[in-house]
Amino acid sequence: DAGITQSPRHKVTETGTPVTLRCHQTENHRYMYWYRQDPGHGLRLIHYSYGVKDTDKGEVSDGYSVSRSKTEDFLLTLESATSSQTSVYFCAISGTGELFFGEGSRLTVL
Amino acid sequence: TQLLEQSPQFLSIQEGENLTVYCNSSSVFSSLQWYRQEPGEGPVLLVTVVTGGEVKKLKRLTFQFGDARKDSSLHITAAQPGDTGLYLCAGVLSNAGNMLTFGGGTRLMVKP
Chain A
92 DAGITQSPRH KVTETGTPVT LRCHQTENHR YMYWYRQDPG HGLRLIHYSY
142 GVKDTDKGEV SDGYSVSRSK TEDFLLTLES ATSSQTSVYF CAISGTGELF
192 FGEGSRLTVL
Chain B
13 TQLLEQSPQF LSIQEGENLT VYCNSSSVFS SLQWYRQEPG EGPVLLVTVV
63 TGGEVKKLKR LTFQFGDARK DSSLHITAAQ PGDTGLYLCA GVLSNAGNML
113 TFGGGTRLMV KP
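Protein chains in written order, with this note's numbering: chain A, 92 to 201; chain B, 13 to 124.
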């Protein structure tokens with residue numbers, strides 16, 4: 092199994108609070124991704140990174156920011172969480188085109 | 013409207029039946045992948061197809077990439093309860109580098 096871990100795995104927060112999700116990999120892969128998964132929508136790309144300090148937006152990036160200060164960590168931040176950001180968030184890594192996913196972080200915004 | 017449309021969205025069948033899941037688009041893809049996801053876990057890659065008309069088999073699963081590289085299908089023969097899960101197709105558009113776009117998924121339940 093690819094070495095990828097997400098934290099926290101579950102979080103409940105209130106509208107307007109900041110939230111940071113962490114993705115940690117031990118595979119030294121260049122590419123890292125954050126997706127959200129909602130019923131009927133499959134997986135939608137939020138942001139991705141192609142190297143340290145190199146990031147770009149995906150199709151649903153509004154309300155999210157990311158940072159990658161070292162190869163192994165990719166952080167997803169919700170500056171001010173909203174109820175529409177209630178979702179399951181998946182981190183993925185890739186070296187050669189195949190995506191390896193973490194186990195997901197379930198976020199509930201009340 | 014999603015770039016990749018999967019059908020059916022839900023499928024409930026008895027053990028031993030055959031089934032086909034479809035992944036369709038009006039766009040051309042340079043490659044297409046199929047993933048399976050079990051509850052509480054992340055998706056896991058099953059196969060990648062890159063050539064129009066390509067057929068790949070993985071035990072009882074047969075994957076086909078359309079001749080025009082706009083669609084794909086997944087056929088399961090003699091389904092088993094262990095095949096239960098969410099099946100996702102994902103494609104790389106011909107003009108989009110290596111970014112994957114996912115379909116909405118097909119949720120399969122195989123009853124014993």
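No lab work stands behind these hints: they were computed from the structure.
The reader is advised that the hints may include incorrect statements.
[Unchecked claim] Quick list of in silico lysine-lysine cross-link-like pairs, DSBU-like style, CA-CA up to 35 Å:
1) A:Lys148 / B:Lys82
2) A:Lys102 / A:Lys161
3) B:Lys82 / A:Lys102
4) A:Lys161 / A:Lys148
5) B:Lys71 / B:Lys123
6) A:Lys148 / A:Lys102
7) B:Lys68 / B:Lys82
8) A:Lys148 / B:Lys123
9) B:Lys123 / B:Lys82
[Claimed, not checked] Here's a subset of chain B near chain A, in silico, CB distances under 8 Å, partners left out:
10) Tyr34
11) Pro51
12) Glu53
13) Pro55
14) Leu57
15) Thr60
16) Gly97
17) Leu100
18) Leu112
19) Gly115
20) Gly116
[What the hints assert, rightly or not] Stretch by stretch, here's where chain B covers chain A in the computed footprint (C-beta under 8 Å, at least three residues):
21) 103-109
22) 193-201
The beta-carbon is built from N, C-alpha and C at its ideal position, and this holds for glycine as well.
Hints, verified against the model:
For the suggested pair lysine 148 of chain A and lysine 82 of chain B, the alpha carbons sit about 25 Å apart, so the restraint of at most 35 Å is met. Using a Cα cut-off of 35 Å, the hinted pair lysine 102 of chain A and lysine 161 of chain A holds, with the two alpha carbons roughly 24 Å apart. Our distance criterion of 35 Å between C-alpha atoms is broken by lysine 82 of chain B and lysine 102 of chain A, whose separation comes to about 39 Å. For the hint pairing lysine 161 of chain A with lysine 148 of chain A, the CA-to-CA distance comes to about 19 Å; that is within 35 Å, so the pair holds.
As the CA atoms of lysine 71 of chain B and lysine 123 of chain B are separated by approximately 20 Å, the hinted pair is consistent with the 35 Å bound. Restraint check: the Cα-Cα separation between lysine 148 of chain A and lysine 102 of chain A comes to about 24 Å, which is no more than 35 Å; the hinted pair holds. Among the hinted pairs, lysine 68 of chain B with lysine 82 of chain B is consistent with the structure: their alpha-carbon atoms are about 17 Å apart, no more than 35 Å. A threshold of 35 Å between alpha carbons decides the hint, and for lysine 148 of chain A with lysine 123 of chain B the separation of about 41 Å lies outside it, so the pair is violated.
This hinted pair checks out: lysine 123 of chain B and lysine 82 of chain B have alpha carbons roughly 32 Å apart, not beyond 35 Å. With 8 Å as the threshold, the beta carbon of tyrosine 34 of chain B stays out of range of chain A, its nearest partner Cβ sitting at about 14 Å, so the hint is violated. Below 8 Å, beta-carbon pairs count as interface contacts, and proline 51 of chain B has none with chain A, the closest being about 10 Å; its hint is therefore violated. The interface hint given for glutamate 53 of chain B is met, as the beta carbon of that residue sits about 6 Å from the closest beta carbon of chain A, less than 8 Å.
Hint status for proline 55 of chain B: holds, given a least beta-carbon distance of 5 Å to chain A, under 8 Å. Look at leucine 57 of chain B: its Cβ gets to within about 5 Å of chain A, closer than 8 Å, so that hint holds up. For threonine 60 of chain B, the interface hint holds, the least distance from its beta-carbon to any beta-carbon of chain A being 7 Å, beneath 8 Å. Evaluation of the glycine 97 of chain B hint against chain A yields a violated restraint, the C-beta minimum of about 14 Å exceeding 8 Å.
Residue-level restraint check for leucine 100 of chain B holds (minimum Cβ-Cβ distance to chain A is 6 Å; threshold 8 Å). The restraint placing leucine 112 of chain B at the interface with chain A holds, with a minimum CB-CB distance near 7 Å, inside the 8 Å limit. Checking glycine 115 of chain B against chain A: minimum C-beta separation of about 5 Å stays under 8 Å; hint holds. The beta carbon of glycine 116 of chain B comes within 4 Å of a beta carbon in chain A, closer than 8 Å, and the hint placing it at the interface holds.
Chain B is given as covering the stretch 103-109 of chain A, and this is violated because 0 residues of the stretch bring a CB closer than 8 Å to a CB of that chain, at least three being needed. Using a Cβ-Cβ cut-off of 8 Å, 3 residues of the stretch 193-201 of chain A lie near chain B, which meets the minimum of three, so the contact claim holds.
Comparing the model with each earlier hint shows violations of hints 3, 8, 10, 11, 16, 21; every other hint is respected.
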